[in-house]
Amino acid sequence: MDLLGNLGLGITVAFTFQNLTYALLGCMVGTLIGVLPGIGPVATIAMLLPITFHLPPTASLIMLAGIYYGAQYGGSTTSILVNLPGEASSVVTCLDGYQMARRGRAGAALSISAVGSFFAGTVGTIIIVIFAEPLTRMAQKFGPADYCSLMALGLVAAVVLASGSITKAIAMVFLGLLFGLVGTDVNTGAQRFTFDVPELSDGIDFAPIAMGLFGIAEIVVNLERHLERGGAIKVGSLWPTREEIRRSIPAILRGTLLGSLLGVLPGGGPTLGAFSAYTLEKKLSKTPGEFGKGAVEGVAAPEAANNAAAQTSFIPMLTLGIPSNAVMALMVGAMIIQGIQPGPEVMTKKPDLFWGMIVSMWIGNAMLVVINLPMIGMWVKLLTVPYRFLAPAILLFCCIGAYSLQNSTFHVMQVAAFGVLGYIFVRLGCEGAPFLLGLVLGPQMEEYFRRAMLLSRGDAMVFLERPISLGLLITTTLLLILMALPSIKKAREEAFQEEG
Amino acid sequence: MQRFLTKDFLSGLMFVAFGLGALYIGQHLAVGTPVRMGPGYVPRMLSLILLALGVVICIVAVISGSEPVERPKWKPITLVTIGIVCFALLFERAGLIPALVVLVLISSLAGEEFKLMEVIGNIVVLSILCTVVFKVGLGMNISVVQGIW
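These protein sequences, in sequence, are chains A and B.
Taken in order, the first sequence gives residues -10 to 489; the numbers are from the working numbering.
Taken in order, the second sequence gives residues 29 to 177; the numbers are from the working numbering.
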């Protein structure tokens, strides 16, 4: 294994002026949206997709990745200082972070979370470097039937980890798969669900859907809730005490480990990692009563976990082409816009892109420590911008971005339509992430399904005869059965209750 | 009525509607055989599964009940949608600035608080920002005000 050679290639790609600039830009934007409550990384990446259209592939992926993990860092700032999670995975950080801030330890909480995140991010990156190549080699042995089963597993896992009703999440997957079929059938050239609209013959564009479903719907819900923010607490000294350091180190290590593991799971990702890490620390602690009153472990572990998970959730996307959460689905969309088919071929055909992106993730993590600690005052000031200024601005950028995709106002109309649909989804308690994963995987899954059936002469048993496919399907079924068990169902409901 | 105005029942209905709609619209697509699938094979399969899931969700919702659906506030969703549609209609015909003014005005009305001076300030700042970023910076082929610049 030519690990060093690969890393060397990555370093030469990542350290060009252009790519460093985009990594920095991504981290800044990510921190910004992490700090500003009311808009999450999914919505932001959806909005910025059209802009990446004008950039080279490597630069655009580096920037999008920067936004993703930048948001994890930025989210902790608002959680600690104003008790408002900037995005979902920072919810647990509020519990003890804000209490620490109220006791005058805000600076320490911020620096521990930044250092913990950086350490976790570094470990996450190393894990990607080590496992990417063997996994890719394994993926290259996959036949069409195996791929189809793998995607089924990915979709089911995403469902299992969605909050709320499982049946509804499964239905959302199928709805997404169905939407994914709009356009010209690749095998026969037939027009499907296009209503003779020429713009739809290439399929529904991914960016307007994501913008409408996540961006617009999120803005509307925030406007309904009349988002208000209180004043921020003074930051104080950034140096943690010796006692705080002693208690944080093992928590950071455990959080990193747990987060890295959960990040790889399809449907896992930062939020699950952060919640599990917090629960684990509380269980292991000799003084569980301190949790919720400003226990430093309650900040260190989840912050490390969400960042480790943010890194390792790239693994299934980069090696198999299977997105494990909504952000990764957007990254797949970004790659397709750039004409790159995500999957095991990326590493062999575009090694500069692959390794450049991985090395730049580490660079981005290092940049974030600098962006977050010395510049904390600037971010705190931003918190005072009221939402009534932000909402119209975000809408405007969505519209211009959608237009710039293909210089067509048809795309802007699509944003409006999917905004309404996204709002209906929110009101009916249907989650957008399973829909998005179905949408992204739909066309590929159909193709693999048809190819597998053609090769087996129409015998569906092919999915059970191939050992890889069989193994994947058994895992899928087990997951579904597990979810139906009453005890697990209850535990799952409780876990998501805590979140809400 | 309480039994039916729930999140689960209504979302079940939504899935049924999408399933039926897809079956109806896709009825002319050839299904083919499992070996040589036509363009309609997978769509029909997915529509039928979606339909079945929708029915199951509805039945379960009626039997075991579910959360009542919150009364939607019509103002934000309607105004935001109208704002985006107006933007789409104006953007090519009138240019960036007119489309921007209309979008920001309408979407500002969607919030709880509306102070005219603030909104005007917001419009001015966004006009300058967008012109500089998109027209000058990114060199997009758009007109700022149709027929003038």
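Hints should not be assumed to be uniformly reliable.
Dumping the calculated SDA-like pairs for lysine to any residue here, alpha-carbon to alpha-carbon at most 25 Å [claimed, not checked]:
(1) B:K101 to A:L410
(2) B:K163 to A:Q327
(3) B:K163 to A:P187
(4) B:K35 to A:G283
(5) A:K339 to A:P46
(6) B:K163 to A:T10
(7) B:K103 to A:A382
(8) B:K163 to A:K271
(9) B:K101 to A:L189
(10) B:K101 to A:K370
(11) A:K271 to A:G283
(12) A:K370 to B:I151
(13) B:K163 to A:N396
(14) A:K223 to A:R91
(15) A:K370 to B:K103
(16) A:K338 to A:K223
(17) B:K101 to A:G153
(18) B:K163 to A:M17
(19) A:K370 to B:V63
(20) A:K339 to A:R91
(21) B:K103 to A:E213
(22) B:K143 to A:E213
(23) B:K101 to A:E213
(24) B:K103 to A:V210
(25) A:K339 to A:D(-9)
(26) B:K103 to A:P375
(27) B:K163 to A:I155
(28) B:K35 to A:I155
(29) A:K130 to B:K163
With beta-carbon atoms standing in for the labels, derived distance ranges [as the list claims (entries may be wrong)]:
(30) A:R126 to B:L157: 46 to 54 Å
(31) B:T106 to A:S226: 29 to 37 Å
(32) A:D341 to B:G93: 54 to 62 Å
It should be emphasised that the hints constitute simulated quantities derived from the structure, not laboratory data.
Glycine included, each C-beta is placed from N, C-alpha and C at the ideal position.
Results of checking the hints against the structure:
The suggested pairing of B:K101 with A:L410 holds, with an alpha-carbon distance near 15 Å, which does not exceed 25 Å. About 23 Å separates the Cα atoms of B:K163 and A:Q327, which keeps this hinted pair within 25 Å; it holds. The suggested pairing of B:K163 with A:P187 is violated, with an alpha-carbon distance near 28 Å, which exceeds 25 Å. Of the supplied pair hints, the one linking B:K35 and A:G283 is violated, its CA atoms being roughly 37 Å apart against a limit of 25 Å.
Taking the CA atoms of A:K339 and A:P46, the gap is near 10 Å; set against the 25 Å cutoff, the hint holds. For the given pair, B:K163 sits about 21 Å from A:T10 by alpha-carbon distance, which is consistent with the 25 Å threshold. With a C-alpha separation of about 18 Å, the suggested pairing of B:K103 with A:A382 holds against the 25 Å cut-off. Straight-line distance between C-alpha atoms of B:K163 and A:K271 comes to about 53 Å, which puts the hinted pair past the 25 Å bound.
Straight-line distance between C-alpha atoms of B:K101 and A:L189 comes to about 32 Å, which puts the hinted pair past the 25 Å bound. For the hint pairing B:K101 with A:K370, the CA-to-CA distance comes to about 31 Å; that exceeds 25 Å, so the pair is violated. The straight-line distance between the Cα atoms of A:K271 and A:G283 is roughly 12 Å, inside the 25 Å bound, and the hint therefore holds. The straight-line distance between the Cα atoms of A:K370 and B:I151 is roughly 22 Å, inside the 25 Å bound, and the hint therefore holds.
Simply put, B:K163 and A:N396 have alpha-carbon atoms about 13 Å apart, close enough for the 25 Å limit, and the pair holds. Between A:K223 and A:R91 the alpha-carbon distance is near 9 Å, which keeps this suggested pair within the 25 Å criterion. The suggested pairing of A:K370 with B:K103 is violated, with an alpha-carbon distance near 30 Å, which exceeds 25 Å. At most 25 Å may separate the alpha-carbon atoms for a hinted pair to count; A:K338 and A:K223 exceed this at roughly 51 Å.
For the hint pairing B:K101 with A:G153, the CA-to-CA distance comes to about 23 Å; that is within 25 Å, so the pair holds. Proposed proximity of B:K163 and A:M17 is supported: the alpha carbons are some 23 Å apart, at most 25 Å. Between A:K370 and B:V63 the alpha-carbon distance is near 63 Å, which puts this suggested pair outside the 25 Å criterion. Proximity of A:K339 to A:R91 is assessed by CA-CA distance (about 50 Å); at most 25 Å being required, the pair is judged violated.
The hinted pair formed by B:K103 and A:E213 meets the criterion: a straight-line CA distance of about 8 Å does not exceed 25 Å. Under the criterion of a C-alpha separation no larger than 25 Å, the hint pairing B:K143 with A:E213 is consistent with the structure, at around 18 Å. This hinted pair checks out: B:K101 and A:E213 have alpha carbons roughly 7 Å apart, not beyond 25 Å. A C-alpha spacing of about 11 Å is found between B:K103 and A:V210, which places the hinted pair at or below 25 Å, so the restraint holds.
Annotation: proposed proximity of A:K339 to A:D(-9) holds, straight-line Cα distance about 16 Å (limit 25 Å). Of the pairs offered as hints, the one joining B:K103 and A:P375 holds, with about 19 Å between alpha carbons and a cut-off of 25 Å not exceeded. This hinted pair does not check out: B:K163 and A:I155 have alpha carbons roughly 46 Å apart, beyond 25 Å. Restraint check: the Cα-Cα separation between B:K35 and A:I155 comes to about 14 Å, which is no more than 25 Å; the hinted pair holds.
In summary, the hint linking A:K130 to B:K163 is not supported, as the alpha carbons are separated by about 48 Å, beyond the 25 Å threshold. Taken as a hint, the range 46 to 54 Å holds for the pair A:R126 and B:L157, whose Cβ atoms sit roughly 48 Å apart. Checked against the given bound of 29 to 37 Å, the beta carbons of B:T106 and A:S226, roughly 50 Å apart, lie outside it. At about 56 Å, the CB distance of A:D341 to B:G93 agrees with the hint of 54 to 62 Å.
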